[in-house]
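Using my numbering, the first residue of the sequence shown is number 1, and each one after it goes up by one.
Treat the hints as calculated values from the structure; they're not laboratory data.
Being a predicted model, the structure only gives us computed values, none of them experimental.
Heads up, a few of these hints could be off.
Quick list of simulated restraints, FRET-style, between CB atoms [claimed, not checked]:
hint	residue 1	residue 2	range
1	Arg11	Arg49	30 to 36 Å
2	Arg11	Glu51	28 to 34 Å
3	Ile16	Arg37	15 to 21 Å
4	Arg11	Ala46	26 to 32 Å
5	Leu24	Arg49	15 to 21 Å
The C-beta atom is built at its ideal place from N, Cα and C for all residues, glycine as well.
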Amino acid sequence: MEARAPGRIDRDRVVITVADSAQLLLRDWPAPASEVRLAALRGCLAVLRGE
Numbered sequence: 001m002e003a004r005a006p007g008r009i010d011r012d013r014v015v016i017t018v019a020d021s022a023q024l025l026l027r028d029w030p031a032p033a034s035e036v037r038l039a040a041l042r043g044c045l046a047v048l049r050g051e
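Please construct the entire structure, taking both the sequences and the accompanying hints into account.
What follows is the structure in structure tokens.
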């Protein structure tokens, strides 16, 4: 049986919190930066700041 990273099911990643989402977008997203990705990051940051 192979070990899998926590929060991963095969190639899919289970995102539960805004912090998980921000980490995924910052570190694990395979595509280069885009306006949509940056907007998603800004949204996550706003939520984490309580805005």
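Results for each hint:
no. : hint                      : in the structure
1   : Arg11 - Arg49: 30 to 36 Å : holds, 31 Å
2   : Arg11 - Glu51: 28 to 34 Å : holds, 33 Å
3   : Ile16 - Arg37: 15 to 21 Å : holds, 20 Å
4   : Arg11 - Ala46: 26 to 32 Å : holds, 29 Å
5   : Leu24 - Arg49: 15 to 21 Å : holds, 18 Å
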